[in-house]
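Given the coordinates of chain A, work out where chain B should sit on it, guided by the hints.
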Amino acid sequence: MSATLTPTPTEPAADELRAGKLSRGHLAGIIAAAVALGALTWIPTGSVKLIRWIVVALLVYMVLSYVVSRVIEGHRQAIDRLMAAVVTSAFILVVLPLVSVVWTVVSEGAARFDTLFLTGTMRLTPEELAGQNDGIAAGGAYHAIMGTLIVTGLATLLSVPFGLFTAIYLVEYGRGKLARSITAMVDVMTGIPSIVAGLFAYALFILIFGPGTRTGVAGAVALTVLMTPVVVRSAEEMLRLVPNELREASYALGVPKWKTIVKVVVPTAIAGILTGITLAIARVIGETAPLLIATGLAQDTNYNPFSGRMTTLPVFTYYQYVQPGIPTEAGQDRAWAAALALVIIVAVLFTIARVLAKILKPKGLR
Amino acid sequence: MTITDAESPSTDLTAQQVSKVGDKVFSGLARGAGILILVTLGAVAIFLLTEAWPTFTNDLSEISGPDTFIGYVGPLVFGTILAATIALVLATPLAVLVALFITHYAPKKLAQTLGYFVDLLAAIPSVVFGIWGSQTLAPVLAESVYPSLEKYLGFIPLFEGPVLNSGRSMLTAGVVLAVMILPIITAISREVFLQTPRLHEEASLALGATKWEMIRQAVIPYGRSGVISGAMLGLGRALGETMAVAIILSGSIDYFWNIIGNENSNTIAANIALSFPESSGLEVNRLIATGLVLFAITFLVNALARRVANAGFSGADG
Numbered sequence: 475m476s477a478t479l480t481p482t483p484t485e486p487a488a489d490e491l492r493a494g495k496l497s498r499g500h501l502a503g504i505i506a507a508a509v510a511l512g513a514l515t516w517i518p519t520g521s522v523k524l525i526r527w528i529v530v531a532l533l534v535y536m537v538l539s540y541v542v543s544r545v546i547e548g549h550r551q552a553i554d555r556l557m558a559a560v561v562t563s564a565f566i567l568v569v570l571p572l573v574s575v576v577w578t579v580v581s582e583g584a585a586r587f588d589t590l591f592l593t594g595t596m597r598l599t600p601e602e603l604a605g606q607n608d609g610i611a612a613g614g615a616y617h618a619i620m621g622t623l624i625v626t627g628l629a630t631l632l633s634v635p636f637g638l639f640t641a642i643y644l645v646e647y648g649r650g651k652l653a654r655s656i657t658a659m660v661d662v663m664t665g666i667p668s669i670v671a672g673l674f675a676y677a678l679f680i681l682i683f684g685p686g687t688r689t690g691v692a693g694a695v696a697l698t699v700l701m702t703p704v705v706v707r708s709a710e711e712m713l714r715l716v717p718n719e720l721r722e723a724s725y726a727l728g729v730p731k732w733k734t735i736v737k738v739v740v741p742t743a744i745a746g747i748l749t750g751i752t753l754a755i756a757r758v759i760g761e762t763a764p765l766l767i768a769t770g771l772a773q774d775t776n777y778n779p780f781s782g783r784m785t786t787l788p789v790f791t792y793y794q795y796v797q798p799g800i801p802t803e804a805g806q807d808r809a810w811a812a813a814l815a816l817v818i819i820v821a822v823l824f825t826i827a828r829v830l831a832k833i834l835k836p837k838g839l840r
Numbered sequence: 081m082t083i084t085d086a087e088s089p090s091t092d093l094t095a096q097q098v099s100k101v102g103d104k105v106f107s108g109l110a111r112g113a114g115i116l117i118l119v120t121l122g123a124v125a126i127f128l129l130t131e132a133w134p135t136f137t138n139d140l141s142e143i144s145g146p147d148t149f150i151g152y153v154g155p156l157v158f159g160t161i162l163a164a165t166i167a168l169v170l171a172t173p174l175a176v177l178v179a180l181f182i183t184h185y186a187p188k189k190l191a192q193t194l195g196y197f198v199d200l201l202a203a204i205p206s207v208v209f210g211i212w213g214s215q216t217l218a219p220v221l222a223e224s225v226y227p228s229l230e231k232y233l234g235f236i237p238l239f240e241g242p243v244l245n246s247g248r249s250m251l252t253a254g255v256v257l258a259v260m261i262l263p264i265i266t267a268i269s270r271e272v273f274l275q276t277p278r279l280h281e282e283a284s285l286a287l288g289a290t291k292w293e294m295i296r297q298a299v300i301p302y303g304r305s306g307v308i309s310g311a312m313l314g315l316g317r318a319l320g321e322t323m324a325v326a327i328i329l330s331g332s333i334d335y336f337w338n339i340i341g342n343e344n345s346n347t348i349a350a351n352i353a354l355s356f357p358e359s360s361g362l363e364v365n366r367l368i369a370t371g372l373v374l375f376a377i378t379f380l381v382n383a384l385a386r387r388v389a390n391a392g393f394s395g396a397d398g
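Those protein sequence lines, which keep their order, are chains A and B. Sequential numbering of the first sequence, starting at 475, is according to our numbering. Sequential numbering of the second sequence, starting at 81, is according to our numbering.
Bound conformation, chain A alone (with noise of 0.2 Å):
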């Protein structure tokens, strides 16, 4: 846009104009000043710090864009130029930690990422726990990815009707008091901690079955309670966005309420409806803490939801983490193995999630 709004001088007024401004040779100095002087930071410790290099790099050129752009072009652009480089260097600054989590992710997680771990669970034989401190490498987290996936599976199975059926009672029959309660209880219910989901499925399975119950489905539970108001958010901006003409059309055509609904409101809307849901799936699959109250960890691979603990992905992660066992070092290499299935399944969702919108959007529509 600024490109629009400059002024593009005629070719003899250019020298004029550019006379007060930084050439590229200026930029091209300080450049190569900062880096060289972060270069400096390796003097102290005599190895190559990159972090500490790009952040002294960083400062000096602030300092030194500010000061050359003070002297020659003025105060106002030179602290236009120094929040430029502010500005970008908060997002480097940022990106840094950020890029740090997945490249330690994956670095850490490749030396367990095999075969055995996608298809072992952690009942050990003895020969397997002794083999272990020789640094052979035993047990997997088949038993948890099942978990997971049954889990997750069936807090989907609850949650998208529900979440669906009650987005489109708030956009096609809501009015009046319930409609708008229904609103406001649905942003108390995106606030629920985490914990507090598991302790509530805790404290519901409980009071049904008994002290001590710990199943897959009370984390199903737990976790519907944490998707719902996602999958209700969603669902209910994408059915408003559905044009009015297109439920009028249908109902001059004698088609029922229910009906145009279901044929025309909903497909039309499917590709954003279904986006949301598997980015509220991706959302709840890696929630840890009410899994860990609700469903507990096992050994050994369990199918059935509504008997016994389960171990889940998430609470797999956090265990083989803080009680390794001996050697610390094969619990260790699970967790962050685990730890990249997780993330690698949550980029193979949000992927899905992009196609999904992509291939599924309505031609009429945008």
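No lab work stands behind these hints: they were computed from the structure. All C-beta atoms in this analysis are idealised placements derived from N, C-alpha and C, irrespective of residue type, glycine included. Don't take every hint at face value.
To be verified - EDC-like, lysine to aspartate or glutamate: derived pairs with alpha carbons at most 16 Å apart:
{"#": "1", "chain 1": "B", "residue 1": "K291", "chain 2": "A", "residue 2": "D554"}
{"#": "2", "chain 1": "A", "residue 1": "K733", "chain 2": "B", "residue 2": "D103"}
{"#": "3", "chain 1": "A", "residue 1": "K737", "chain 2": "A", "residue 2": "E719"}
{"#": "4", "chain 1": "A", "residue 1": "K733", "chain 2": "A", "residue 2": "E722"}
As the list claims (entries may be wrong) - These stretches of chain B come out as covered by chain A in the derived footprint (C-beta under 8 Å, 3 or more residues):
{"#": "5", "region": "113–119"}
{"#": "6", "region": "198–210"}
{"#": "7", "region": "268–276"}
{"#": "8", "region": "286–299"}
{"#": "9", "region": "371–385"}
Said to hold, decoys possible - Far from chain B by the CB rule (all over 10 Å, computed), these chain A residues:
{"#": "10", "residue": "W527"}
{"#": "11", "residue": "V530"}
{"#": "12", "residue": "E711"}
Coordinates of chain B only, in the frame set by chain A:
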């Protein structure tokens, strides 16, 4: 709302005997789901209260820890608020700057990818941030940042030291929480910055403002309430965040202002996660009661956030 108003007459016209049943069933389902939301939330409150109640009717001196519930939950509330405040103070300015970078400084094409990247990071599970914070970040901070904090800012009680060698202190937990809530605040700030009326920006530029002056005059006033509500949402997330804190911090039930030292207050959520598996009887009831307190705190913060958001973009007029 105009949608639903327009429908009522047309439904009456088309509603034949046959379709009435279908309509009734369907609207009943939709209404039922809506009511179920209210029931669920009511159930959350009732079941938690039922399970928390014994804490207030029994003698807490029979179990470990302080004799009164206030004595137990007080330090936890303190730790929770301290960790969340550190996170918020670190994350908000950075998030605003990053949002400005994405909306006003980065090339258009890059901006979209960056926005997607930021959203993706918001979904990385907290347990992953937790083990990253304890294994990668804590040693780096303990080695190269905390000693200087102690040396130059040690007169402030927060940085009194001595530095915990493993680095797994309150400040590290706060930094990790900051990294976790940054994407949330960034995403919301980015959205409101993008909504700044173009005419405001162009008017500012046309009067000869530099880019930064334009941002200060047009973008920031317009987005202020959005940024504040984004920060409050981030605060809500930081208050309830469990695993990252549970993995990094080994806290105790007491008040500690020193955020780089070896003794730290715990947070409500982390304390529940750490103590729950080994608790029984009254201890479980007490943990559930602390969970209720956490729920109340996050509820207040979120209500405040919504209020700020609903107050609208009043900054644009002023």
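**Report entry** Hint numbers not upheld by this structure, sorted from lowest to highest
**Finding:** 7
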